[in-house]
Amino acid sequence: MNASFDYYKVFYYVAKYSNFTKAASVLLSSQPSVTRSIQNLESELGCRLFIRSKHGVTLTPEGKLLYRYVAPACERILRGEEELGLALGLHGGSVSIGATETALHCLLLDRLTQFQKEHPDVKIRISNGPSAQVLSDMKEGRTDLAVIPTPFQIEKPYVSVRLRQIRSVLVGGPRFAHLCSTPVRLSDLKQYPLAGLSSSTMSYRFYEDFFAAHGLTLHYDIEMANADLLLPVAMHDLGLAFVPEKLVADALEQKKLFSIPLVEEIPLRYVCLVRDPGRPLGAATRCLLELLMKERAPQN
Numbered sequence: 046m047n048a049s050f051d052y053y054k055v056f057y058y059v060a061k062y063s064n065f066t067k068a069a070s071v072l073l074s075s076q077p078s079v080t081r082s083i084q085n086l087e088s089e090l091g092c093r094l095f096i097r098s099k100h101g102v103t104l105t106p107e108g109k110l111l112y113r114y115v116a117p118a119c120e121r122i123l124r125g126e127e128e129l130g131l132a133l134g135l136h137g138g139s140v141s142i143g144a145t146e147t148a149l150h151c152l153l154l155d156r157l158t159q160f161q162k163e164h165p166d167v168k169i170r171i172s173n174g175p176s177a178q179v180l181s182d183m184k185e186g187r188t189d190l191a192v193i194p195t196p197f198q199i200e201k202p203y204v205s206v207r208l209r210q211i212r213s214v215l216v217g218g219p220r221f222a223h224l225c226s227t228p229v230r231l232s233d234l235k236q237y238p239l240a241g242l243s244s245s246t247m248s249y250r251f252y253e254d255f256f257a258a259h260g261l262t263l264h265y266d267i268e269m270a271n272a273d274l275l276l277p278v279a280m281h282d283l284g285l286a287f288v289p290e291k292l293v294a295d296a297l298e299q300k301k302l303f304s305i306p307l308v309e310e311i312p313l314r315y316v317c318l319v320r321d322p323g324r325p326l327g328a329a330t331r332c333l334l335e336l337l338m339k340e341r342a343p344q345n
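Quick note, in this note's numbering, the sequence shown goes up one by one and the last residue is 345.
Derived from the structure by calculation, the hints contain no laboratory data. These numbers were taken from a predicted model, which means no experiment stands behind them. We put the CB at the ideal spot given by N, CA and C, even for glycine. A hint or two may mislead.
Said to hold, decoys possible - Computed spacing ranges between beta-carbons, pair by pair:
id : residue 1 : residue 2 : range
1  : S205      : G125      : 41 to 47 Å
2  : T262      : K168      : 24 to 30 Å
3  : L73       : S244      : 30 to 36 Å
4  : K301      : K99       : 49 to 55 Å
Said to hold, decoys possible - In silico DSS-like pairs for lysine-lysine, Cα to Cα no more than 30 Å straight-line:
id : residue 1 : residue 2
5  : K67       : K99
6  : K168      : K235
7  : K54       : K67
8  : K201      : K339
9  : K168      : K99
10 : K162      : K339
11 : K162      : K291
12 : K61       : K99
13 : K54       : K201
14 : K201      : K184
15 : K339      : K61
16 : K67       : K109
17 : K201      : K67
18 : K109      : K54
19 : K168      : K184
20 : K235      : K201
21 : K339      : K168
22 : K168      : K61
23 : K339      : K184
24 : K184      : K235
Using the sequences and the accompanying hints, generate a full structural model.
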């Protein structure tokens, strides 16, 4: 019998919360991974540890016996890991994270500010770029975590968690202020210049799908490679643009931009955390990960 500590750790959390989903969340893992660990442990021990039902899970008599010994041992080990990490890892430690422009401004910069106040000695390295580049940097080990907006595609073993909703609005400069009074149909936007990110970006795919859902084809009169150019283009009256509401709040208040209501509702997007749950993380990165996970949006 050579069950690993990881199996017992998973067992401890499932038993503690009587729920596989909650245990997976605390372990920053996935429910299928937690289920596999429990199945492997049951196989190695030769007995069932949990009784599963629609209300959750309960320990079998064998499971209760095991938990009496595992719980105090796990709690002591986890406390020791925590204290050692705080003693060694956060003083002079470092964090490497990748993010898109949208993710930075809609969530990450605020959280990094909070993190730096709590851990001023930790060095923070941010890699910025489009979603595809951010994901590539993480997969190739140049960063530990990726924070990107939907839509995107990942494959196993990578997992994603929604952190915050993004509400998008259509905006224009003073030249288009007259459009604010009455909702505009999506089909009527062909009368006006439209600015957006190039067809190689996930942002383009999102709005392309939005238009297609209403039987329309997306066409930008002005295409840009970088999201940080959208607001200046719109402010200079070069065209209308779809942008995250959080990014334009100040410009709308100052009347540099105007929000143009649409008849059709723009779907929500989400800022998501993407990571490889099997990759070991340093103490500083684990602390940042825990801080970001507190932002979790409701999961559909």
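Problem - Ascending list of hint numbers which this structure does not respect - result: Violated: hints 1, 2, 6, 9, 20, 22, 24.
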